[in-house]
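Asker: Take a look at the letters that make up each chain.
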Amino acid sequence: MIVDSALYRAGQRVDVADHSPGDLRALRACAGEGDFVWVGLHEPTGPELEEVRAVFGLHELAVEDALHAHQRPKLERYDDSLFLVLKTLWYVDEDDAVETGEVNLFLGADFVVTVRHGHGGSLSRSRRDLERHQQVLAHGPAAVFYAVCDQVVDEYEAVGAALEEDVDEVEASVFSPERTDDAARIYTLKRELAEVRRAVLPLREPMRRLAGGEVSGVAGETAPYFRDVADHLQRVAEVVDSLDALLSTAFDAYVARVQVQQNDDMRRISASVGLIAAPTLVGSVYGMNFEQMPELGWRFGYPFALAVMALSSLVVWLVARRAGWL
Amino acid sequence: MIVDSALYRAGQRVDVADHSPGDLRALRACAGEGDFVWVGLHEPTGPELEEVRAVFGLHELAVEDALHAHQRPKLERYDDSLFLVLKTLWYVDEDDAVETGEVNLFLGADFVVTVRHGHGGSLSRSRRDLERHQQVLAHGPAAVFYAVCDQVVDEYEAVGAALEEDVDEVEASVFSPERTDDAARIYTLKRELAEVRRAVLPLREPMRRLAGGEVSGVAGETAPYFRDVADHLQRVAEVVDSLDALLSTAFDAYVARVQVQQNDDMRRISASVGLIAAPTLVGSVYGMNFEQMPELGWRFGYPFALAVMALSSLVVWLVARRAGWL
Amino acid sequence: MIVDSALYRAGQRVDVADHSPGDLRALRACAGEGDFVWVGLHEPTGPELEEVRAVFGLHELAVEDALHAHQRPKLERYDDSLFLVLKTLWYVDEDDAVETGEVNLFLGADFVVTVRHGHGGSLSRSRRDLERHQQVLAHGPAAVFYAVCDQVVDEYEAVGAALEEDVDEVEASVFSPERTDDAARIYTLKRELAEVRRAVLPLREPMRRLAGGEVSGVAGETAPYFRDVADHLQRVAEVVDSLDALLSTAFDAYVARVQVQQNDDMRRISASVGLIAAPTLVGSVYGMNFEQMPELGWRFGYPFALAVMALSSLVVWLVARRAGWL
Amino acid sequence: MIVDSALYRAGQRVDVADHSPGDLRALRACAGEGDFVWVGLHEPTGPELEEVRAVFGLHELAVEDALHAHQRPKLERYDDSLFLVLKTLWYVDEDDAVETGEVNLFLGADFVVTVRHGHGGSLSRSRRDLERHQQVLAHGPAAVFYAVCDQVVDEYEAVGAALEEDVDEVEASVFSPERTDDAARIYTLKRELAEVRRAVLPLREPMRRLAGGEVSGVAGETAPYFRDVADHLQRVAEVVDSLDALLSTAFDAYVARVQVQQNDDMRRISASVGLIAAPTLVGSVYGMNFEQMPELGWRFGYPFALAVMALSSLVVWLVARRAGWL
Amino acid sequence: MIVDSALYRAGQRVDVADHSPGDLRALRACAGEGDFVWVGLHEPTGPELEEVRAVFGLHELAVEDALHAHQRPKLERYDDSLFLVLKTLWYVDEDDAVETGEVNLFLGADFVVTVRHGHGGSLSRSRRDLERHQQVLAHGPAAVFYAVCDQVVDEYEAVGAALEEDVDEVEASVFSPERTDDAARIYTLKRELAEVRRAVLPLREPMRRLAGGEVSGVAGETAPYFRDVADHLQRVAEVVDSLDALLSTAFDAYVARVQVQQNDDMRRISASVGLIAAPTLVGSVYGMNFEQMPELGWRFGYPFALAVMALSSLVVWLVARRAGWL
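Protein chains in written order, with this note's numbering: chain A, 1 to 326; chain B, 327 to 652; chain C, 653 to 978; chain D, 979 to 1304; chain E, 1305 to 1630.
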């Protein structure tokens, strides 16, 4: 589906009178020196993408990648155009889960084609932002490149922050006195961190190249902008690594807590056993059948025995209490 | 065994009238400028391979490697020809196991020799596919190189996907409430991942070189194709690493679960002991031989005692219940 | 808030008669050849920073970073000026916790602007120290660069030393005979080490560049000073890594201790159970109702039975004692 | 001890009439253009080695290394000669242990000196093999270099294969239902793997240099042979790494199994306790002294009570059985 | 404190008639072309070091480092002189502990200044050795550099060997049948290994540069000597890494042993409980008050009951024995 398509001239969107949204060839024909066309697609069908390919002369292998998605983040040159694959991430609050999509960008001298997969990560915000900053947009297609990367990486940071909160929760749970089963939660978080890492790490190399101004077709003066993006990306990578390490430690602490609790239980149980076993011993004493057992003939022998029983339990209880077992 | 041998001219298979399948020398003689011969062998005997060596002038050390198999994946230049070793992998559903084979390729200016070991990974699909794509095949022997690599790496991805499912199963099993013994399963999966890693990792360097167009004898215009293969390879490597890390965490979670279960058992056992010990204490009370024990003379003393016993069990049961021990 | 602003000439602070503290433009105008201005800000508002930007011609992206803080440590060139981000760290004794702030430095040919965030890490010490060392200050703005880095890294070392003490305490606690819950303490320390690492590691690369004299705009003769800073930074990094590894081992030792203690408890408990169960067995013997039980008729049968009971407990106690269980 | 010394000319051993085995100076004097002398020593004494040093002009530091052995594998140039240190490994079946020795090689334009330490790894096989391959031997001293490296690395592979079998055994033991103490075995294997790694890893760099034809004094045409050796070395390194990782996982599985077994034991024990405690409760019921206990007067009261006791045990047994505890 | 100071000419110590030990300026003035002065200091005071600085024109920052010690090992150039920091290590048998000191060396064209901190690692041995080897000493100040490095690294090797023995002891203890508490010992050893690593690892880079002859001011012909030192250093580094990995495995084995022992204890305890519980059950049977219990009237009923009790214990004992629980 073509979400939007427009011609930009000197940093401003140009109204093209006789242009039906889907007629990309006509749109491109309107582009003069320094103008460029930005076509935005969302989960396009094969034929839609084929038409785009024909209009802008994209490379077959890249188009195939853009159709099927599920690529690794990468930046590649095909003849005159650049092809960038980005993973989009967003955090779904209801499930405490990270979901992923994909954005593919084709960049030529006078066009940008963006192909988005997945629900989240709409690019219309980037477009609106850019259209408000004539100055940035005047850098041409590379500005779109930057704006999309910037938005996507901003979303990484948001996801990173959300995961940081999740880790804080897990941490609080692990070290709370309550008995919680944190193993599954930690596992899931580790799995989500792995997801984020899979989006972030392979993107660092392309961003570094863009930030270094090494990519022909992307003007050198945009490098500081990409440097900013690369920096944020690096920060996300560090956050993810650091959270992963923390979770490993938290997991170990969880296991230690389970063990400590088992210890506590065992001692509490043992004390309880003593509370019952001690008076049982007393009972077995007075259950003996000796002919000469003076207590048996006492008037208050029975209450006396009960008192001894209670006392024996009390002694056990006090000892256990003092040892911190109860 | 020679599986197939044929002459290709301008991207098409050429019928060579007077050619018996095994007469490779005659076949090669038919090859004109720009033509090439593709000979496919499956677990050849020494003499078969020796004949091939003689016809195409292959290097002794490479031929020895191709005969014995069990090489590391590698790409090497011997005089005028290239020698590529690939591990083939396939997933056997019945055993949930990964099996391995090997493909050796010799590439000269006018020939390709493929030597396959092991049951799986037949190359006839590659051959059929290629013969349908005249355009690709027209790139000469390098096209065969590409086609075989592509098929082999596709199979890696299939194996990776199958293992991902296995890991999902293990994960479900570890976090299910049932008591399963997941240690052996996790161990086996880790072992299989190590197998895959052993096939994938050493191949990355050769693929990178081919993708960079650095290998003389392989035309630069095929580089994008190899870049595609290298990319898939990289993805498999990342999947494998990520699965391995997940399995480690899953293993830790499994051990934690065993411990938690032991804890649960211990508490359940303790509660059960209490269920029996409490009435036993009551019994020992009324088994005492005091002369003055009013209850003993009661008409309903015995039912009363039984009721106290039941009550004592009930109290234990309620306490245990409330503490979540039963 | 503008904390201080001054003009330096030939290594000395110059009084500028008609200069109100906030009038930076006037101050800068006074700067002749070889002079420089040092403006120190603390958590400036947007407008304050905007004015500074206008006066010194700073780059927008850098100013935005300096406004919002929460950047990674980095050194970047924007047109004519350098932009350095440092994390400040200080150890709060009351909480045994590490807190973080941030310092941003802008360096031009004739100015330094320092922007500080967070409570700790005041730079007035650096300024006073520098103003006392005319010789160092004569190196121009780079001297301020050095002085700030030096102070910040000195504080890293202080934090490292404080954490070393904390680790020593944890270590003592883990190996003490007392039963302490060290898991949370170790976790917190690991978390703080991660904090320090996040400040230290990314700074190494910029310091290495400054120490190598590779940064244009910073005179080569200051390189030995930055080498000194880089060296201290490296030492902090090594201390942090080493503490982290020690904590991991200490954690393992803690878990092992928990297990050993459980073992000890179990044996102690078992011995205690034996102390009660043995005399109970004796009691059950003499509670049997045989007609012919000579002891029952003995005069001192009852005391004898009690003695046997006590003896049985004593035997259990001695056996347990000898086995080291009590 | 001088094991063998001979002159080689055009790939063949030459009989030197008037040559006593120990008279190396005379032997060397016989060497014409393109000839070379191969002297093989086994654990030489200082004076023996000193004589060799004098005859061939070896460097003092290298000779000292060769005398004392216990060097790291390395390849070094001293003036005109090369000095190579190799660790030899062999597997002693009786002890399931890996033993180590050392080979030092000196290579000059017209000589090779091999110095062997330790029982295993005799080089006479290399010499015999080489003497049979005139073609290879014709490459001069470098052929000896190659032959020795090849033999030593072949032995590494044999050791690797033997350790693989050991790991398989351990694996089988860990996952067998029997209770085996695998910790010590795993530890020993890890220690032996570390031994192998210490021989293999430092050798990779020299082999890579020889395989790249970068070592002056070793003819470029021998590079493919060294490439073969380097490849095998790499394979051994991968096998060792992979076995080490497997052993770590196997160890974790072993610990998990111990824990699972403890769990099983605990449940079995608990069930057994129940088998005794339940009828004891019944006994305590009928041991009560109530005047009105109808069962006591029944004719078959006693058998009835015994039956109730048996029944109570049976119920416990069935419950435990069903829960899988017995 | 100035330990020794002397003038060396052509590899020999020269007596300077009118030279008081502390008059370094006079001593240096005596040095002709190719001579050099070696001044050895031990924990000098500030003024002592200041005098040395003045005489030899050392750099302020380096002198400050040498005064305070606690530097990382490093090699740095300050103007015309080199500054090398080494950590010294020695093993104190009484405590089984590694202690550390520091040596700082200043190297100029005609002087060497060595500054030693800490008790151990006296350099007088190096001086005596060197004075005996005129040939080596003739290489000038670099010979002193080499001699000190050689001695220090030799001591590293001695420490490594001592730690290897300690690890062997711990290993023996972990796998002995006795119950030992090895956690603290392993922890301490790991801590000491970290200490050694901190001395060894940063020194590798300087040694590699010296071994490569890349350091101006140190003659190229001394490179083989430094190569030797670098090699030993590398060996120590490998030993330390390998010991550290072994200790980790040993620790895991220790934890596993604790768990196995707990298992053994639990089974032994359970069997013991059975030994008491079984006869108690018998006792409770004959404690029942049925009117019709034939055994009660038997003449040898009581001995019979005792026999049954003993038998029941025996059965438990045999069963436990057979299961390996006792």
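Errors might be hidden in some of the hints.
Unchecked claim - Simulated restraints on C-beta separations:
1. L1365(E) with V666(C): 24 to 32 Å
2. A54(A) with G872(C): 40 to 48 Å
3. L963(C) with E1468(E): 24 to 32 Å
4. G872(C) with D95(A): 50 to 58 Å
These are calculated hints, taken from the structure and not from any lab test.
Ideal placement from N, C-alpha and C gives every residue a C-beta, glycine not left out.
Asker: If a hint holds in the structure, say so; if it doesn't, say that too.
Answerer: How the hints compare with the structure:
Distance hint check for L1365(E) and V666(C): the Cβ-Cβ separation is about 28 Å, which falls inside the suggested range of 24 to 32 Å. Between A54(A) and G872(C) the C-beta distance comes to about 57 Å, which lies outside the given range of 40 to 48 Å. At roughly 54 Å, the beta-carbon separation of L963(C) and E1468(E) lies outside the given 24 to 32 Å, and the hint is violated. Range check, G872(C) to D95(A): Cβ separation about 57 Å, and the 50 to 58 Å hint holds.
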